[in-house]
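Residue numbers (the numbering used here), protein chains in the order written: chain A, 1 to 384; chain B, 385 to 676; chain C, 677 to 939.
Hints are supplied without guarantee of correctness; some may be wrong.
What the hints assert, rightly or not - Below are the EDC-like pairs computed for lysine to aspartate or glutamate, each with C-alpha atoms no more than 20 Å apart in a straight line: (1) C:K758 to B:D573; (2) B:K588 to C:E785; (3) C:K813 to B:D573; (4) B:K391 to A:E371; (5) C:K758 to C:E777; (6) B:K588 to C:D803; (7) A:K295 to A:D247; (8) B:K588 to B:D573; (9) B:K588 to C:E919; (10) B:K588 to C:E757; (11) B:K562 to B:D507; (12) C:K812 to B:D668.
Said to hold, decoys possible - For the chain B half of the interface with chain A, some residues (derived, Cβ under 7 Å), not all of them: (13) V501; (14) A504; (15) S509; (16) P512; (17) A607; (18) I614; (19) I642; (20) S650; (21) A653.
Since the hints were derived computationally from the structure, they do not count as laboratory data.
Note that CB positions come from ideal geometry on N, CA and C, so glycine has one too.
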Amino acid sequence: MNWLKPSWQALLAIVLCVIAIALGAMSKPEAAALADPTASISYPYLGTKGLMLGLAIVAALISMIRIPSLVEAIVLFVGAHLVAWLLISGIAGFEGTALAPYFLLLTAAWLLGWRCVAVLSGLRPMASTARNALRLIIPAIFGAWILIIWEAVTRGAGIPFILLPPPSAIGARIAGSLPVLGADVRQTIFKAVIFGYVVGSGAGFITAILADRVPFLRRGLLPIGNMVSALPIIGVAPIMVMWFGFDWQSKAAVVIIMTFFPMLVNTVAGLAASGHMERDLMRTYASGYWPTLIKLRLPAAAPFIFNALKINSTLALIGAIVAEFFGTPVVGMGFRISTEVGRMNIDMVWAEIAVAALAGSVFYGVVALVERAVTFWHPSVRGG
Amino acid sequence: MDSFRDKLVPVTSILAGVVVLWYVFAVILNAPFQRDLDSRANETPGAVEFIGKTLAQPKPTLPAPHQVAVNFFENTFLRPITSSRSLVYNAWVTLSSTLLGFAFGTALGIIIAVGIVHVATLDRSLMPWIIASQTIPILAVAPMIIVVLAAIGVTGLIPKAMISTYLSFFPVTVGMVKGLRSPEIMHLDLMHTYNASPSQTFWKLRVPASVPFLFTSMKVAVAASLVGAIVGELPTGAVAGIGAKLLAGAYYSQSIDIWSALVAGSIVAALLVMVVGVAGRIVDRAMGGRPA
Amino acid sequence: MTGISPAVVAASKLGLTFQTNDGPVQALSNVDLTIGKGEFVSFIGPSGCGKTTLLRVIADLEKPTSGTISVNGMTAEQAREKRAYGYVFQAAALFPWRTIERNVALPLEIMGLSRAEQAERIKRTLDLVNLSGFEKKYPWQLSGGMQQRASIARALAFDADLLLMDEPFGALDEIVRDHLNEQLLQLWARTNKTICFVTHSIPEAVYLSTRIVVMSPRPGRVSDIIESTLPKERPLDIRETPEFLAIAARVRDGLRAGHSYDD
Ligand SMILES: Nc1ncnc2c1ncn2[C@@H]1O[C@H](COP(=O)(O)OP(=O)(O)OP(=O)(O)O)[C@@H](O)[C@H]1O
Ligand SMILES: [Mg+2]
């Protein structure tokens, strides 16, 4: 039997499909049609039910034959996603009528997807391009399945829209509200976040350099900065709104305060990071404070500084959005989230969150790319 | 403790400097409004009297430290703990959801980390998302969670605790994955020569090796958890809690109240981080950690 | 001695090639070796010649890519599962969160011995390496030499007949090293264990061993095997005797030959 290699995912998927076949109707209309064959009731999956079950079972069976892993992964990938696509597209017009076999089939497809990811995880290709591709594909499939299950469950079970809208509705809402979303991004990110980020990080950096020149300051600022980093600084938002008004300036002020301390603490720590041997070497060259700082200590501190820049990229977004909960002109991501929540337009809230997530990732990604370019010599970058 | 004495003087002098600056700014920032008041009342106070007045306004732009201190003292020690204006009461409301969320978040984080370390598929598929999600301003989700849960009848402690859970499980997951992977190859080989089972390797090597990482990430998590609880109190117009105090202060322009709520929040945060830090040190000592 | 007792370790045509990112690295090739019960075999050779790899193959920490290896008449894997050997790494590799006593107890816990038996073995092995009185200390409270002795105690606690040691004294100073060498010899004489011992030092190899396996690099292989004619009783000053120096000279020649072969 060595042409067989069973996997629990495929076996369980087949079992689930068999149970689904035994249970019969996929949806309430189908059950009604079965109960009363004379009535002409339209129901979902008229022609595709057998196809879906067959696909899932066949893909599961093929995956258990001893074939090359890549082929197995492709079969599973195609099978799982085709079933999911048929399942989701078929429920259109019949939302909320799904019965147990619908969810069993969904689970079976998900198991095949899981098996596919497991097979891909086991691949150890020699070529580095293939390795990099796998590093992207595997999490991408995982992410896709979160969306698939979300979509299929919300629509199949008919979860109320205000509780959790399906991703397709959120996508449609994003596409339909681009001008509003764009205006919000401009207000929150291009005004408050970027200004606050640059000023806050810059001020933290300069303070750290000053503190470095004065050991007394450094010894005092480091513990204070560490302490303050743990405090709920976000709470200054109402004060900033009182001081600087409703517009973006108050949000920028919150961002400045939030980004200042991480930069201060990290830069001070980074300036202490260069080795004694290297510093002594600079001493033997009779190099002064500033040349040593620029040629040795700042480069050595770069990983720390970039770490702060990365932390700050997230903090800045959070600060600006949450500060808007305390009052804004009628535009801005935080404003939109809080008002649309109040109006129960949950799909718009999700759209705004998706945009915020995207903005956050792009922001972080840009900082990470700059870091790679600047600290190419550092082991953590060279290593991979 | 040499290093402690090294820091004490600089820290106290910097803090003293902050207080002095605070007074200076309080006078400067509150002066315009005071001048306004005086001119309307047709008064021309002397400089000392004028400064005294700027530091005693009921709704100052920047309250003076002693005003905040007095407000904080009154609302903390002079009110019955059951009063809704008591800071102890409000801090407790926030603290309870912080702790609940923190406990759940830590447990969840540990479970996910164990899964990631032991199941290669999870490591390759879930871990990148966990890392990516760090870059997402998750606090933006807070109002929605509160309102949606309220719509299905879940209110009070649980929704806030969920936000705290959400915020605190990330650092714990990342820290624990690092920690469970921290044993050196040589230690793993050693367990291999003993023919130790995976569960023996887990309990005798990976778990003890991960403890320092756990406590470091728990410090971050508990601070994040508190922020989550505070932000969770904003959108509902919650009746109690530090976030509610902030919101009410903002609404009625009670700047002194805002500041004393902030002080309360900071004290809670500092205490939480300290408690986790001390617990970490005790565990470390019990596990034979070298004194610093 | 080798001929009579059954082989504890038998390798034939053993080869191991690592697949690395920069192509294959042949760490061992065509190693034939038989080690009998009660022998003290040293492995010596230049850095990178595969001494550690060979020891790791015996310990089933690495799988050979060609040839066969048997330990106590079983495959290396079966032997490991039977806990047939104790392994001493180059560094002490003690768990920092366990006291010396608990460190020695680690393999015993894994074997599932009773508390009483654990206590008995801990006491016995710590006595053996002269560490009585340090049971409750943590590793960082001990000197490097004491830590290494604790790790030897941990390997001995197993009570396996085979002891695999990879440069156990490499990081220690000369004086401590002499002392530990002497103690190791006494221990070997008392317990009649089989010991495989990797070292960089010619005097150490000659002083300790009944046989010295000289290895040479690229690819790692056995280039010479030298039988020691020294008596089993070896005071430290045996190292000044002509007999000792003659064996040392032979080892040095073996090492040189391995090198010239390479260039
Ligand atoms: N895990 C590994 N992956 C790839 N190559 C390895 C690995 N382990 C060892 N090697 C290679 O195998 C060869 C032999 O290594 P080994 O560690 O056995 O040498 P050694 O004789 O113990 O050296 P040293 O005296 O420095 O400890 C070396 O060329 C080394 O680079
Ligand atoms: Mg070696």
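Comparing the hints with the structure gives:
1. C:K758 to B:D573: At roughly 16 Å apart (the allowed maximum being 20 Å), D573 (chain B) and K758 (chain C) satisfy the hint.
2. B:K588 to C:E785: OK: K588 (chain B) and E785 (chain C) at ~10 Å, within 20 Å.
3. C:K813 to B:D573: Judged against 20 Å, a Cα distance of about 24 Å means the pair is violated.
4. B:K391 to A:E371: Violated, at roughly 33 Å.
5. C:K758 to C:E777: Distance ~24 Å between K758 (chain C) and E777 (chain C) Cα, so the pair is violated.
6. B:K588 to C:D803: 25 Å, violated
7. A:K295 to A:D247: 42 Å, violated
8. B:K588 to B:D573: Holds, at about 13 Å.
9. B:K588 to C:E919: With Cα atoms ~49 Å apart, K588 (chain B) and E919 (chain C) exceed 20 Å; violated.
10. B:K588 to C:E757: At roughly 18 Å apart (the allowed maximum being 20 Å), E757 (chain C) and K588 (chain B) satisfy the hint.
11. B:K562 to B:D507: 12 Å, holds
12. C:K812 to B:D668: 16 Å, holds
13. V501: Violated - the Cβ of V501 (chain B) stays beyond 7 Å from chain A, reaching only about 14 Å at its closest.
14. A504: 5 Å, holds
15. S509: Hint holds; S509 (chain B) Cβ to chain A Cβ min 4 Å, cut 7 Å.
16. P512: Where the cut-off is 7 Å and the nearest Cβ of chain A is about 4 Å from P512 (chain B), the hint holds.
17. A607: Where the cut-off is 7 Å and the nearest Cβ of chain A is about 4 Å from A607 (chain B), the hint holds.
18. I614: 5 Å, holds
19. I642: With a minimum Cβ separation of about 5 Å from chain A (threshold 7 Å), the hint on I642 (chain B) holds.
20. S650: For S650 (chain B), the interface hint holds, since the closest Cβ of chain A sits about 5 Å away, which is under 7 Å.
21. A653: 5 Å, holds
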